[in-house]
Amino acid sequence: MKNSKLLSVLSVLVVVMMLLSACGTAAPAAPAEEAAKPLRVAVVMPSATTDMAFSQSMYSALVAVQKEMGGEAKMEIKYSENMFKVPDAAAALRDYASQGFDIVIGHGSQYGASIEEIAKDFPETVFAWGTDVNTFGLPNVYAYTAAAQEGGYVNGVMAAMVSQSKQIGVTGPVEVGDAKTYIDGFVQGVASVDPSITVNKTWTGSFSDVALMTEAAKTHIAAGADVLTGSSQSVVGSIGAAKENGAVMWFGTQSDQASLADKLVVASQVYDWSAMIKQIIANKAEGKLGGETFVLQLKNDGLKITFNAGYNLPAEVKAAAEAAIEGIKSGAITVEP
Amino acid sequence: MSQDTVVKNESSQPNKEKPKWDELLLKTSMPFLAMFTALLIGAVVLLLLQVNPFEAYAAIFVGVFGSVSGLTQSLVKATPLLMVGLGICIAFRASVINIGAEGQIILGALGATSWALAFKEWPAWALIPSTLVVSFLAGSVWGFIPGYLKARFKVNEILSTVMLNAIALQLMNMLVRGPLIDQAGVAAGTYLAQSEKLPETSWLARLIPQSLLNTGTFIAIGMAILVYIFLWRTTIGFRIRAVGLNPDASRYSGINVPFYQALSLTLAGGFAGLAGAIEVMGVHHRLLEGITSGYGFSGIVAALFGGLHPLGLIPASWLFGSLLVGADKMQRAVQVPSALIDVLLGLVVLFVVGSAYLSKKWAANRLSNSKKANGAQS
Amino acid sequence: MEQVLSQAVLVGIITSAIRLATPYIFASIGEAFSQTSGVVNLGVDGIMLVGAFMAYYVVLKTGNVWFAVLAAMLVGIAMGLLMSFISVSMRAEQGISGIGLYMLGLGLSSLLFKVLVGSVQTIEGFKPLDIPFLADIPVIGEIFFKNSLPVYVAFLLIPAAWWFLEKTTWGLKIRAVGQNPAAADSLGVDVIKVRYFAVTFGAVLASLAGASLSTALVNLFQENLTAGLGFIAVALVYFGGWKPVGILVGALLFSTVNAFQLWMQVLGVDIPSDVAVMLPYLLTIVALVAVTSRIRPPAALNKPFDRGEN
Chain A
1 MKNSKLLSVL SVLVVVMMLL SACGTAAPAA PAEEAAKPLR VAVVMPSATT
51 DMAFSQSMYS ALVAVQKEMG GEAKMEIKYS ENMFKVPDAA AALRDYASQG
101 FDIVIGHGSQ YGASIEEIAK DFPETVFAWG TDVNTFGLPN VYAYTAAAQE
151 GGYVNGVMAA MVSQSKQIGV TGPVEVGDAK TYIDGFVQGV ASVDPSITVN
201 KTWTGSFSDV ALMTEAAKTH IAAGADVLTG SSQSVVGSIG AAKENGAVMW
251 FGTQSDQASL ADKLVVASQV YDWSAMIKQI IANKAEGKLG GETFVLQLKN
301 DGLKITFNAG YNLPAEVKAA AEAAIEGIKS GAITVEP
Chain B
1001 MSQDTVVKNE SSQPNKEKPK WDELLLKTSM PFLAMFTALL IGAVVLLLLQ
1051 VNPFEAYAAI FVGVFGSVSG LTQSLVKATP LLMVGLGICI AFRASVINIG
1101 AEGQIILGAL GATSWALAFK EWPAWALIPS TLVVSFLAGS VWGFIPGYLK
1151 ARFKVNEILS TVMLNAIALQ LMNMLVRGPL IDQAGVAAGT YLAQSEKLPE
1201 TSWLARLIPQ SLLNTGTFIA IGMAILVYIF LWRTTIGFRI RAVGLNPDAS
1251 RYSGINVPFY QALSLTLAGG FAGLAGAIEV MGVHHRLLEG ITSGYGFSGI
1301 VAALFGGLHP LGLIPASWLF GSLLVGADKM QRAVQVPSAL IDVLLGLVVL
1351 FVVGSAYLSK KWAANRLSNS KKANGAQS
Chain C
2001 MEQVLSQAVL VGIITSAIRL ATPYIFASIG EAFSQTSGVV NLGVDGIMLV
2051 GAFMAYYVVL KTGNVWFAVL AAMLVGIAMG LLMSFISVSM RAEQGISGIG
2101 LYMLGLGLSS LLFKVLVGSV QTIEGFKPLD IPFLADIPVI GEIFFKNSLP
2151 VYVAFLLIPA AWWFLEKTTW GLKIRAVGQN PAAADSLGVD VIKVRYFAVT
2201 FGAVLASLAG ASLSTALVNL FQENLTAGLG FIAVALVYFG GWKPVGILVG
2251 ALLFSTVNAF QLWMQVLGVD IPSDVAVMLP YLLTIVALVA VTSRIRPPAA
2301 LNKPFDRGEN
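Residue numbers (the working numbering), protein chains in the order written: chain A, 1 to 337; chain B, 1001 to 1378; chain C, 2001 to 2310.
Because the hints were derived from the structure by calculation, they are not lab data.
Heads up, some of the hints might be wrong.
[Unchecked claim] Only some residues are given here: those of chain C computed to face chain B with a beta carbon under 10 angstroms:
| hint | residue |
| --- | --- |
| 1 | Leu2010 |
| 2 | Leu2082 |
| 3 | Asp2306 |
[Stated by the list, open to error] Sample of chain A residues with no beta-carbon within 12 angstroms of chain C, all distances over it, derived:
| hint | residue |
| --- | --- |
| 4 | Glu116 |
| 5 | Asn134 |
| 6 | Lys166 |
| 7 | Thr219 |
| 8 | His220 |
| 9 | Gly240 |
| 10 | Gln279 |
| 11 | Ile305 |
| 12 | Ala320 |
Don't be surprised by glycine CBs; every beta carbon is placed ideally from N, CA and C.
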């Protein structure tokens, strides 16, 4: 008995020390100090700010706008991440609004009903939410969405041209939302170059199962694919699989994924929300609080194709991609979502 | 008949109803003491993150108890916890661990959504009760399967419920991107993973303006009282508890042990299903991905906090709901990574579950002392 | 259909299955130790996450996979001692203490990742290790002998665990305290100590399961990397009837069906992807029903031992 008591005391000590040592080196999460009434922006996101995908795209855009405006003194950003539980997100949105934030962003399509209810109670506050197109007829609500199929198409054009094996693999989570529209656009892009190329799709049924996503990518590679793409925060596993193989190319979406495999990521479709955020801020200065839907498109620079400098993209492929971008912008090419 | 009384005696021993007041005090204060210790360790973590723990914990307290919105939010949170916890409680009483509530919530939500959308034109007095019944049935199917497999094939319920959770999730994926998908999302080209909005006649009435609090909370409290009556005042309830307390004695006295274990799992599934329905009908008004919000697991914790007693569950789920809401408020107030909330909750659960023994041991000491005083007698 | 059954596809399925099974084998064998001694540990997923993060972080900072293995083992010991303290010394309700441990592990790994790393980065973990000569055998070499070290270790763990549990005194003690702790106690076995050992050893294996994921199979870390894999691992222990060989069968069955469904999707077989994803879960249940397990669980499973009461 004595022995076990000693052990138990030890175990507690070990855990405490683990906590201590691990957090000791932690960088300080400096709370933003309010000086001369900065613009206050709050954002509620379903996944982590570091997901290399949907949530990160919004958070980076906010930080970029903040930097442009002159730092924390001019613009305060508060965020709540991993709010995949809708009632929690609703509570967060309401709290931020009642704390007097100027702009409250609900960055998840599941937050619609909450936004609709809360926005009515805070007519002075600007609300923005997405991805969806519905502003509920309220004058202080913006909706936003991304025409992911457009960048998907451009990625598809490039993928078809760089593929040697004429076989392309798509690793998706669940066939909904922009995971679906991106991939539909991608398939159309491939077909526009060479209809004989086979595009095989796998769905893991989960937005977070990295292990299965990795294996899905490896399966595509074993089946002969030499180009991969995919969507959701779990595709980091697919990129890892491509990197391990060393000769398989990757096309990214949502965030710039080049940092994960700098030799193999050809290009990424990046959601750039910063123009939209700046527009919302400018509108607010003029007294307009909402009632508009933003669609990120190539045309309005909300969607950007970032070519990875580390990958040596043949000139004719890049030219074809740029032609596709121009075609979509001008309306000469239409991509069905 | 005489054997039946044997079981009765066996079962009445561990839950002798009238505890001494100091024992009761200890029993109720121990979890708080444990929670306090856990939060103390949490304070160290907060300090390391360069956050003032007083400010952080004040945010929890003020956030939950300092405003109407905080109070209503914790009740909204407590409702599914209570509902799921009731099911966990019934299963636990029959010594079955139900970790399948996640899947059962999904089935209940699917059942409620499909039914309410199929009979849109029904008036509220017919639609709301029938939808609730359907969701209970749908959830109980997902409880019946592991129950039947356990009774008939001795398939361990942890294995089957873990697998069924995954299957339920895929089932929801399939329906919500197929037959149940919101056609407005298809028309707008967004293909969001959510169903059409339910008809207003199926909504549970909201109770306080600017909050999500709805009549589902009353339904849950009503159910808790029903479950209490069921477990302690009916023969079936008595047999379920007897099975849990002493399966061997129950078997000798002619109770069909596998049957009652399967029954308890089926009922547990039903209550989790109702939780899913209340989320759909009272909170979201539609089915969307992530509908379970992890209540299937946090419901287990709430059930423990409530001493696995239906009535104890009412304050316990409210308390645990408050903790969840408060932790979120703290995250917003001091802007720490949300993962810290899981760390805190994990510590609280570990310390509370660990502390139960200390109060039990203390009570046992007292008992043996009083026995000695009364002369040895077993 | 003939395409589905071609040799290349079969080889692909088995190669995938072996990789997929690796973390399950580590974690399930670990859980088997714990449960054989009478302690259900539902916190496997949390331990895996902490182990996965620690190993990943060490590789990221030092580039040395052996330090990573050591770090994962240490953190496994810490988590195991915590679980033992709560479940064995404090005699807690095991189903619930496990869930507490899971929450703690999930939170701790995400928090550390957030403050120490910040964003997803890939690492150079264990490299594929061709076994000399054996790797050159056609087909078989391709499938079995071109994996990374953790994969080999996982499969060697099966006979090792069997030997330890069945043939050594310590194994006997573990089984004894799981079957009849009171009797074991009266024979002079320190029940508490044996359970501490079994639970902690199990936690070390769970931690290594996480490490195999983050440093060999996916070579990165992300919040909630395991996505519930640890719960499946617990389920597989019941499938395997607490026997290492049974666990191997369960892990391979689950993984093979999973690999099979991925291949079906890649080959464009016309079934809904959701149904395909369901298959491994469904077939695991069906398989268990079909063979109707006759194996009895450790009699004292899930029952805390209290010397005073007996």
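Quick rundown of the hints versus the structure:
A hinted interface residue such as Leu2010(C) counts as satisfied when its beta carbon comes closer than 10 angstroms to some beta carbon of chain B; here the least separation is about 25 angstroms, so the hint is violated. For Leu2082(C), the interface hint holds, since its Cβ comes within 10 angstroms of a Cβ in chain B; the closest pair sits about 7 angstroms apart. Taking 10 angstroms as the C-beta contact cut-off toward chain B, the hint placing Asp2306(C) at the interface holds, the least distance being around 9 angstroms. Residue placement check: Glu116(A) keeps its beta carbon more than 12 angstroms from all beta carbons of chain C (closest about 30 angstroms).
Annotated as non-interface, Asn134(A) keeps its C-beta farther than 12 angstroms from every C-beta of chain C; the closest such distance is 27 angstroms. The claim that Lys166(A) lies off the interface holds: its Cβ sits roughly 15 angstroms from the closest Cβ of chain C, which is beyond the 12 angstroms cut-off. Listed as outside the interface, Thr219(A) is inconsistent with that label: its C-beta sits roughly 5 angstroms from the nearest C-beta of chain C, within the 12 angstroms cut-off. With a least CB separation of 6 angstroms from chain C, His220(A) falls inside the 12 angstroms interface cut-off, contrary to its annotation.
Remark: the non-interface label on Gly240(A) conflicts with the geometry, its nearest Cβ contact in chain C lying 5 angstroms away (cut-off 12 angstroms). Distance check for Gln279(A) against chain C: the nearest CB is about 27 angstroms away, which clears 12 angstroms, and the non-interface claim stands. Consistency note on Ile305(A): stated as away from chain C, and its beta-carbon is indeed over 12 angstroms from all of that chain's, at 21 angstroms minimum. No Cβ of chain C comes within 12 angstroms of the Cβ of Ala320(A); the nearest lies about 27 angstroms off, and the non-interface call holds.
In summary, the structure is inconsistent with hints 1, 7, 8 and 9 from the numbered list given earlier, while agreeing with the others.
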